[in-house]
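Letter by letter, the chains look like this.
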Amino acid sequence: MSGKKRLIDENGLRVDGRRWNELRPLKIEVGILSNVDGSARIIQGKTHILVGVYGPRESFAKHVSLPDRSVVRCRYRMAPFSVEERKSPAPSRREIELSKVIREALEPAILVEEFPRTIIDIFIEVLEADGGTRCASITAASVALADAGIPMKDLVAACAVGKADGKLIVDLSDMEDKYGEADVPVAIMPNKNIITLLQMDGTLTSDEFNALLQLAMKGCKRIHEVQRKALKDGFGEIKNLVLEE
Amino acid sequence: MSGKKRLIDENGLRVDGRRWNELRPLKIEVGILSNVDGSARIIQGKTHILVGVYGPRESFAKHVSLPDRSVVRCRYRMAPFSVEERKSPAPSRREIELSKVIREALEPAILVEEFPRTIIDIFIEVLEADGGTRCASITAASVALADAGIPMKDLVAACAVGKADGKLIVDLSDMEDKYGEADVPVAIMPNKNIITLLQMDGTLTSDEFNALLQLAMKGCKRIHEVQRKALKDGFGEIKNLVLEE
Amino acid sequence: MSGKKRLIDENGLRVDGRRWNELRPLKIEVGILSNVDGSARIIQGKTHILVGVYGPRESFAKHVSLPDRSVVRCRYRMAPFSVEERKSPAPSRREIELSKVIREALEPAILVEEFPRTIIDIFIEVLEADGGTRCASITAASVALADAGIPMKDLVAACAVGKADGKLIVDLSDMEDKYGEADVPVAIMPNKNIITLLQMDGTLTSDEFNALLQLAMKGCKRIHEVQRKALKDGFGEIKNLVLEE
Amino acid sequence: MMITPLPVNRDLILGSLSKGVRSDGRRLDEYRPIKFEFNVISKANGSASVRIGDTYVLVGVKAEIGKPFPDTPDEGVLIVNSEFVPLASPQFEAGPPDENSIELARVIDRGLRHGGAVDFKDLCIIPNEKVWILWVDIYVLDHGGDLFDATALASIAALMVTKIPVVVVEGSQIVVREEKRPLKIVDYPVSVTINKIGNYLLLDPTLEELELVEARLTMFTNSKGEICAVQKGLPGAFTYDEVMKSVELAKSKGRELRSILLESFNNWDKNVRGALNGV
Amino acid sequence: MMITPLPVNRDLILGSLSKGVRSDGRRLDEYRPIKFEFNVISKANGSASVRIGDTYVLVGVKAEIGKPFPDTPDEGVLIVNSEFVPLASPQFEAGPPDENSIELARVIDRGLRHGGAVDFKDLCIIPNEKVWILWVDIYVLDHGGDLFDATALASIAALMVTKIPVVVVEGSQIVVREEKRPLKIVDYPVSVTINKIGNYLLLDPTLEELELVEARLTMFTNSKGEICAVQKGLPGAFTYDEVMKSVELAKSKGRELRSILLESFNNWDKNVRGALNGV
Amino acid sequence: MMITPLPVNRDLILGSLSKGVRSDGRRLDEYRPIKFEFNVISKANGSASVRIGDTYVLVGVKAEIGKPFPDTPDEGVLIVNSEFVPLASPQFEAGPPDENSIELARVIDRGLRHGGAVDFKDLCIIPNEKVWILWVDIYVLDHGGDLFDATALASIAALMVTKIPVVVVEGSQIVVREEKRPLKIVDYPVSVTINKIGNYLLLDPTLEELELVEARLTMFTNSKGEICAVQKGLPGAFTYDEVMKSVELAKSKGRELRSILLESFNNWDKNVRGALNGV
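Chains as they are written, first to last, in our numbering: chain R, 1 to 245; chain P, 1 to 245; chain W, 1 to 245; chain X, 1 to 279; chain H, 1 to 279; chain V, 1 to 279.
Calculated directly from the structure, the hints in this document are not laboratory data.
Since this is a predicted model, take the numbers as computed values, not measurements.
Idealized CB from N, CA, C, for every residue including glycine.
Any given hint could be a false lead.
Claimed, not checked - Okay, the calculated beta carbon distance ranges per label pair:
| # | chain 1 | residue 1 | chain 2 | residue 2 | range |
| --- | --- | --- | --- | --- | --- |
| 1 | R | Val242 | X | Lys224 | 26 to 36 Å |
| 2 | R | Val242 | X | Ser252 | 35 to 45 Å |
| 3 | H | Pro96 | P | Met152 | 26 to 36 Å |
| 4 | P | Gly17 | H | Leu14 | 44 to 54 Å |
Stated by the list, open to error - Covered by chain V, according to a simulated footprint, are these stretches of chain P (three or more residues, beta-carbon under 8 Å):
| # | segment |
| --- | --- |
| 5 | 48 to 57 |
| 6 | 77 to 89 |
| 7 | 127 to 134 |
Throw the hints in and build the complete structure from the sequences for me.
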């Protein structure tokens, strides 16, 4: 976050030509895998992720299950070739943390009480990472859970916002994430309008933070429309989309 | 397999003076360990291996056992001092693969259906490695299984063949394995005349492959005689032995 | 143990000014942790250790428990910042060995037969290490076990003795341990007068060994008084103390 | 002597919260007394322990010379690790750090880093070659509820008393002197963790209250009142209003914690200097 | 929604095989349709996915500069890894690669190496010092039966589209340019895996058929029709005649697979060049 | 064929011990016959196996060139590892060394080190830079009771026959010659392990007796009769008198073991030299 690179040009355009409040192209496909109970593929900019869901299924390891609810497990991993420098396949501390926050962003939406003594497994494979992988993972995982027929209170839609060259921006790319001044991934349950993921890296005044949170929630709602389309038709898409100001 | 070293001299003799179709000296001892159910030692050239077998025994870990057959497990390991450069005691990928192919070479011979819900453990310790360790391991393990009184359809005898300096050869040494053009380890059940191990590294025409496979099967049959002698008398041996052409 | 540094000066005083038979200041506090069944803190010179004890508690892992006695487990660990060079948090071979000898020094005193099918867990965290950590761990753990209400035949008190610059000394500091000629950690059950820990590193004649063992037992008895005071009042202490000759 | 689950009385606790007061008499936004100890480990370059109620955490800092990261060749390196040692709670298992311990360490790392605690350029010895690496090792010794805020305080406190050897570069040689100097501390980021039970937001939960917490929001602020790291945790959710209320809590309470930290430090520092001057 | 074991009907499948035809209408030696995608991962130096029926595998190649092996000081290094990720099959467990995954990676490695796929000398930068290391990472994304043949195809396909930076050695310095060049591909080894059920040998089994396979024989051939790697797997056995029949299958079907590979590549390559030339 | 626990008859064994004789007719302080084999592994720099009754251990020594420890810049390095391989006992599990294996290796290490077995300065090649590292790998192949004493004997025996290449330093280059030379062996430390059953102290227990051993005391002595390492093991205790009696046993029996070791070595050495001289 050293801010050395110029991320917004004199016309207010970002390195990939987007405006500050413009989402990247987004595609969601549903039901793409044959051996899982539910699955989805998300391509957001160049970020490319597959999610597979198993469950609710009985636990082989008895000590994992709970008598009054389903246990949700989540594993987020990046493929060795998904990033600039080859990543070792051993789980990094970052992957372990993200697995946890992604799970905790999805759990509020799942009706875990309906399936006591079972396990729901969410497996996330990042095939290419170009910024916003945790948000894209949540967006896709929520679709895959629905595809598995797991009862949910709501979908969960996620969107990162942040600040670069002093400007607030939406749907950060890799470069903006690395060299910007702040990165704020947010997930919401769009119908209930509640926040299930919120993290921040960087420095912001409380006014900026407030503005960004509202911007993120707007982004999540547009992404939610794509999720619904995908669940209905097997495929949902937006090209670049400018959020209303 | 760069073939830089001269492996066959002008008299058609190999680096250790053998002819192309000559086996190394081979000794098999049975029942050499006190705490296992069956054991064997094999010394083939300088290759030196101990095998111990436990079982059929009840499984402590319930999830490992099967209701209709015995589960066979196999662990092949090389001692740190068994090779030129000290080997780390942590299991290598090569050791894990060899444990699998050795197990799958022995399993066809074991009457696993006779002992449901049990485990048969085969532990292979390579004390010195001078080529042909997977074949020697199979040869010795099959004897150790018989020594443990485990019912088998047949013994399994193994022998490596290959190609060096353009010539087909039998019972490869370390040097021939490393610098030759092809290495083909083979295991058979000699009475049933079926092949339970077959691997190949290198490049061969299908005619060469065919000829080598037949050569290997001849070698296995001579090794089988030593196995039978060892099981009968506790010890079996051949000095250098030239296979009939 | 190269003996290069001068450890005893011309007045017979050690690097920290102590006489050969003088213990370091020692403090023991009891019941300092809120979530364990028993606990103690020991500060001996600059060595600083916390011990927490759980149990007897039921075993979650059935295969760990025994039908006729409680199983005692012990984990000795050093904090990364406890030593001169930062220590990696991964358990070292030294820590694994010390966990074992400490456990085996404490077990003779515990009435394990009274709690079949249970586990007693002893967790030792070395916050600062300045010599004598295994002895201080035993001294504190024995107090923590008593604090947990676990029935014992006797306390266990421990004290290291050794040799530096040709002289026998008691309660070795880090420097004396590293650069002295011998280090002999000893633990006893003071009322029963039996030895439950005995190790030696270095070179000693049998006469020296005999004299040191007697010196150690004297030291243990003075330390035992502090243990009893701590168990009675929650806190026990000695300033520097010269053992009678 | 057997460990039994905490007999948490949900109705009792919620009833109490509805009156704006907690079982131990505190207001919802009130911390338990906070006690610092500085430089408790003499073999560390710096250390501090913090107690908040039963919570007891210790942070040790070790400095060693190493290579900088390629993308920050003229800056030192900060590495935060955390151990939830088993004597702190029957829930902490022996073994490598689990997801809770890793999350805590990574959040503290971000708080210190984006909060601008340390001047990293001051830790450069030879650009591209040698810099100071600061290992910040968090030890949770007793789990009494609010781990994030206690470890955040102990971490900045440990850095405040950390001293590293003076090094002199002579040609391509690095001479490490006996003499030591403090780190350049630039800011004092602190964390305030907001805990949600039902519709209530409370600070510094006891272990008993923690059992009922549905979601938590940890927010670091720096001395300018800017937010410098945020982490939502646990499988619950917040409304937008709750988040904005949390921001205000984080700012006001952060100021409070920062002044307790600085006061404790100054008292300690005065005593140490006093002792050194023979007072 | 619970996972139940595949209800494999042994008699039905065997009955079908005895008529020389399979439940999906294929002949015993017939592959399902094979579909390639090239360069699907832009951060990789090369990548390709292959689908055969439900089987879906992705291979990414990353190139980095490193040290050669001491016994091949003027050759690049090839390292093949394989991940059986859990979303591909309920049988694949999370964790480090198991024996199946390791076996697959090592067999593919031998097939590429002895099949002479890549000119390793072309990957040398400074002999004894610096060479290109090629990491070939296999990702099995959906397990639909025939993993060896699909991953073998995806691996050679990924290498065929791999580009590495042009490097220039100036004195003892290595300058890595922006410009990229393809690998020197020398041969196109492909794998044909023969599966034995009862007395039948069949290719490209479905998951259902795979449950009945007693033994398998994976055979790599190069474009000259030479055999360049063999691996027998599973706890069954082959007769000599079955092995020799397998050799013939490996040669003829290998030729077939190789031409599908090259055709797919050429179509893709034409499109890419077309796109570049603005056609 | 199932493994059943050893049917140890405590009364029988104790009754026998009370008469000063053991079930196999030995006195309490009597070892079973000890058999050495030297240089059994030709790829090791040195190796030896020892059998005492059913106990069968093998030690291999590998020498490689590496860096010295900073605090002993002009000395070689000794690293002792131990593997309790599962074919030696059903109690030995596959996997990384457990506490028993680690304890054994560390005790043998201390015995060799403080017993002054090897001249470490003779292993220095270039001070601060390059020294010989000796890897002593202990393999327990059959567990017949007395592991410490057998592995101690095998370790010193393996070092006695270890040969390392002659190296010549030319400028800053190290030339490793084909020619080999023996290590400089300075002393012959041996271990005697005293085992306590009830009030009896006995040496070299059988597996059956071992089941009853409450505490053990392993004592290394050097040729001067000095004690050079001690380790108490197992969850039992010793009286002061028992320890002092053990010291005397360690000295007298250590002398006995040392002469068996040297005699075996000399016989072997004579044969080898004889063979070399064509006798």
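Hints, one by one, checked against the model:
{"no.": "1", "hint": "Val242/R to Lys224/X: 26 to 36 Å", "result": "holds, 33 Å"}
{"no.": "2", "hint": "Val242/R to Ser252/X: 35 to 45 Å", "result": "holds, 37 Å"}
{"no.": "3", "hint": "Pro96/H to Met152/P: 26 to 36 Å", "result": "holds, 33 Å"}
{"no.": "4", "hint": "Gly17/P to Leu14/H: 44 to 54 Å", "result": "holds, 52 Å"}
{"no.": "5", "hint": "48 to 57", "result": "holds (count 8)"}
{"no.": "6", "hint": "77 to 89", "result": "holds (count 10)"}
{"no.": "7", "hint": "127 to 134", "result": "holds (count 4)"}
Checked against the numbered hints given earlier, the structure satisfies every one of them.
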